[in-house]
Amino acid sequence: QKEVEQNSGPLSVPEGAIASLNCTYSDRGSQSFFWYRQYSGKSPELIMSIYSNGDIEDGRFTAQLNKASQYVSLLIRDSQPSDSATYLCAVPANTNAGKSTFGDGTTLTVKP
Amino acid sequence: DAGVIQSPRHEVTEMGQEVTLRCKPISGHNSLFWYRQTMMRGLELLIYFNNNVPIDDSGMPEDRFSAKMPNASFSTLKIQPSEPRDSAVYFCASSRSLGYSPLHFGNGTRLTVT
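Keeping their order, the protein sequence lines are chains A and B. For the first sequence, my numbering gives the first residue as 1, with consecutive numbering after it. For the second sequence, my numbering gives the first residue as 1, with consecutive numbering after it.
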C-alpha cells in the first residue's frame, strides 16, 4: 500500500461543476494535511491546509478530513478552466515531521 | 517577501559532469527541503535540513548526490558525476517549521543530462 494514494485521474468536469479530489493515507498518527496545485511546467503551490477533523472552506475550495477513515478530500465548487491543473495531496509523517509524502497527483481538466 | 529562489532554471550537461543546484530559502524559514520530480516517480524528498543541519538524507539516491547548507540563506545540491537518469526537475522548498507548516516551493531547476 502506498503511503499516500490519490484517486486516479485524469478527472474532467464541465465549467461550473463541483470537482471532488480524494486522498487516503496510511500513517494513522499524521497530524497535518496539505493540498497543493501544480500547473504544467510550474512548481507546486499550497491551496489548503487542514489539521483537524471536519471541513475548512476558503472561497471555492473546501478541504475535508476524516482521521478515523484516514481520508482527506478537496472539493472545488463552480470549477473554472483556470482550475485545470494537477492537485497533490501531501502528508507529513508523524514520527518524522519533515518527511512529507506526496501522492501521485490527480490531473483535473475543467472544460468550458 | 521574495519566495524561494533557485538557480539555474535550466541546466543541460553531459554525462560525467558535475552539476550544482542552488537555493535561497525564504527569510525566517527554519527548514529547507530538496525534492526531485519525474513522471515515473512523482515528487520525491531527497533531503531536508532544520536550522541548517541535515536531518534526513535517506532519499538521496546515491553517493553521487550531496547537499549542504552552510548558512540559513543558502543551500546547494551537487551531483557528481551526473548520469542521464538524473534528468528531472529539482525543487527546493522551505517552511517555517517541520510538519505543521506548509512548504513553499521554488521555481525548480530542470536538469537534462545527455
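Possibly wrong hints are sitting among the right ones.
The calculated BS3-like cross-link candidates involving lysine-lysine, where the alpha carbons are at most 30 Å apart (straight line), are [stated by the list, open to error]:
1. A:K67 - A:K2
2. B:K78 - A:K42
3. A:K42 - A:K2
4. B:K24 - A:K67
5. B:K68 - B:K24
6. B:K78 - A:K67
7. A:K42 - A:K111
8. B:K24 - B:K78
9. B:K78 - B:K68
For the record, the hints were derived by calculation from the structure and aren't laboratory data. Here the structure is a predicted model, which is why all the values come from computation and not from measurement.
Within 30 Å, alpha carbon to alpha carbon, are B:K68 and B:K24? Holds - the C-alpha atoms of B:K24 and B:K68 are around 12 Å apart, at most 30 Å.
Take a quick look at whether B:K78 and A:K67 sit within 30 Å of each other, Cα to Cα. Measuring from Cα to Cα gives roughly 39 Å; hence the hint is violated.
Straight-line alpha-carbon gap B:K24 to B:K78, limit 30 Å: holds, 15 Å
Below or equal to 30 Å on CA atoms is what counts here, so check A:K42 against A:K111. holds, 21 Å
Mind checking the alpha carbons of A:K42 and A:K2 for me, to see if they're no more than 30 Å apart? holds, 25 Å
Pairwise hint evaluation, A:K42 against B:K78, where the allowed Cα distance is 30 Å at most: holds, 22 Å
A:K67 paired with A:K2 [C-alpha distance capped at 30 Å]: Holds - the C-alpha atoms of A:K2 and A:K67 are around 17 Å apart, at most 30 Å.
Would the pair B:K78 and B:K68 pass a check requiring their Cα atoms to be no farther apart than 30 Å? Given that 30 Å is the threshold and the Cα spacing comes to 9 Å, the pair holds.
Within a Cα-Cα threshold of 30 Å, do B:K24 and A:K67 meet the stated pairing? violated, 35 Å
Comparing the model with each numbered hint stated earlier shows that hints 4 and 6 do not hold.
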